[in-house]
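Visitor: Sequence:
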Amino acid sequence: MKTYSIYCFLALLWISNFSCSNKKVLFEKLSSSYTGMTFKNEITESDTLSVVDFEYMYNGGGVGVGDFNNDGLQDIFFSANQSSCKLYINKGNLKFEDVTVSAGIKTPYWNTGVSLVNINGDGLLDIYLCTANSNIQKSSPNQLFLNNGLDKNGDPSFTEVAHQVGLADEGYSTQAAFFDYDNDGDLDCYVLTNALENFNRALPMGQKTDGSGKSTDRLYRNDRTASNGLPVFSNVSKEAGITTEGWGLGIGITDFNEDGWLDVYCANDFQSNDWMWMNNGDGTFTNRITTSIKHQSANSMGMDIADINNDGLPEIVNLDMMPEDNLRQKTMFSRPGYDFYKLQQEKKYQPQFVRNTLQLNRGPNAEGNPSFSEIGYMSGIYATDWSWSALLADFDNDGFRDLFITNGYPKDVSNLDFTSYTAQSLISFTGENKQKRKEKVDKMKDLLGVKKSNFIYRNTGDLRFTDVTEEWGMKIPSFSNGTAYADLDNDGDLDVVVNNINDEAFLFRNSLISDNKNAKGGNYLRIQLKGNGNNIYGFGTKLTLCRLPIFSTR
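Quick note on the working numbering: the sequence shown kicks off at 139 and runs consecutively.
What the hints contain is simulated information worked out from the structure, not anything from laboratory work.
With a straight-line cut-off of 30 Å between C-alpha atoms, the simulated DSSO-like cross-links for lysine-lysine are:
| id | residue 1 | residue 2 |
| --- | --- | --- |
| 1 | Lys-376 | Lys-432 |
| 2 | Lys-178 | Lys-233 |
| 3 | Lys-276 | Lys-346 |
| 4 | Lys-290 | Lys-244 |
| 5 | Lys-290 | Lys-668 |
| 6 | Lys-229 | Lys-244 |
| 7 | Lys-178 | Lys-290 |
| 8 | Lys-162 | Lys-233 |
| 9 | Lys-178 | Lys-576 |
| 10 | Lys-162 | Lys-589 |
| 11 | Lys-233 | Lys-589 |
| 12 | Lys-576 | Lys-352 |
| 13 | Lys-376 | Lys-352 |
| 14 | Lys-244 | Lys-352 |
| 15 | Lys-167 | Lys-178 |
| 16 | Lys-576 | Lys-276 |
| 17 | Lys-486 | Lys-352 |
| 18 | Lys-162 | Lys-178 |
| 19 | Lys-233 | Lys-244 |
| 20 | Lys-229 | Lys-668 |
| 21 | Lys-178 | Lys-613 |
| 22 | Lys-233 | Lys-290 |
| 23 | Lys-346 | Lys-432 |
| 24 | Lys-233 | Lys-167 |
| 25 | Lys-276 | Lys-376 |
| 26 | Lys-613 | Lys-162 |
With the hints as constraints, model all of the structure from the sequences given.
Guide: Shown next, in the form of structure tokens:
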């Protein structure tokens with residue numbers, strides 16, 4: 139009898155394990171052998187280049203998704219740091235072909251963010267690349283690859299024209315956003331900047347507000363069209379009021395106060411506060427963040443703007459570096475002192491806290507500006523470790539936007555045990571003090587990384603999010619940075635692509651509709667926008683879907 143019971147138990151256990159191992163998840167990570175997408179943002183340290191010399195070495199690269207050959211399938215562009223950026227053309231069924239060389243794309247610089255835009259209104263997507271330089275004394279120009287149309291094989295070819303149009307910005311750019319800020323029918327450009335400095339940006343020293351700071355963002359106005367059909371951009375940052383420095387890592391564009399003029403939100407790292415540039419409608423912007431938001435993330439990184447509760451008002455999610463587990467919290471951060479907090483206030487900084495924030499839009503305040511309540515703790519998304527990119531999108535087609543977050547860092551430079559142990563040697567050094575530099579480099583070689591899974595949260599519809607990373611099939615350790623979502627196989631659900639450091643990029647196929655076409659929540663609506671003039675894709679368009687009451691008749 140006992141033997142029979144054991145056999146029954148083992149049989150049930152085997153059935154349970156078999157069922158779990160064959161359980162379908164929402165996202166399936168496709169192998170590069172299937173997709174043909176072998177891109178890897180590989181970064182190699184050396185005696186002359188390490189995170190000691192170049193502290194942004196592991197900030198990673200971006201992802202751009204768009205239809206470059208107008209065949210109805212979304213293609214993928216990856217930005218890279220030490221290697222070449224890559225363009226993959228979608229051949230259908232989630233298979234891709236690398237056409238970088240034949241397309242004429244050459245990227246000799248350290249690239250960061252990527253933005254896709256139709257710069258000249260010809261109906262062909264162009265590529266704008268932000269660049270950086272590992273030498274604090276040098277700079278590199280941003281690049282704009284103009285789409286020339288299709289070659290004999292049906293693939294796009296490109297010509298680099300950033301200098302011709304006035305967008306070869308040589309600051310340390312992290313991301314650019316194209317939008318029509320002056321409502322004249324063409325697209326202008328905001329360049330987010332995060333420059334290397336020779337001082338500690340975590341200290342509350344007060345920010346430069348006269349435009350002299352290296353990390354002051356730039357606004358480029360699209361002024362006219364030259365004889366070659368290309369637009370000409372002018373740097374109008376000072377006259378527009380964009381003169382306060384920040385160390386930008388994330389940017390979002392929306393019309394916060396619904397006055398018909400697009401506004402700009404900039405997520406800034408280190409001690410600098412975020413900016414909420416409200417468009418005054420006269421070519422100028424005013425930072426209204428202190429009247430709209432009570433507190434912010436301290437080390438603001440990736441961010442996104444979207445309506446999470448379907449009330450028609452945009453919310454703001456902002457990422458930071460708060461770990462979700464107690465051990466990482468204790469080894470990563472010391473408790474800030476009250477004196478430091480008071481010094482921040484004296485230097486006119488708004489309160490900042492080390493955690494993800496989710497700003498719930500409460501509508502306009504008495505001055506007509508948007509007002510927000512911060513609900514990161516309540517919503518359950520406040521701690522996701524060293525986070526980079528945030529995507530708010532409806533991944534399960536239930537009508538509510540979910541949240542995908544990338545994270546990871548190859549060198550855990552914020553580890554308190556490490557910083558305490560090396561405090562004596564981690565001091566400023568000059569060109570003559572090569573021994574100190576060598577000590578730093580050698581210690582960095584032994585420093586471990588933060589290789590953890592990305593996070594995906596399901597919006598439960600009540601201002602709360604549930605961690606479904608493992609349940610939806612995304613629990614894979616990685617050093618992930620840029621990411622994008624798109625319906626890559628045109629089946630009606632959103633797939634996800636992720637740019638990784640020292641690992642192949644992820645492509646997650648969403649199986650919601652393809653595996654269960656009749657499932658509840660599998661409905662979708664696809665809309666193609668067609669704008670006027672040079673804004674042919676309708677950047678800045680706002681779509682409002684209203685649910686009408688259903689009347690029954692007898």
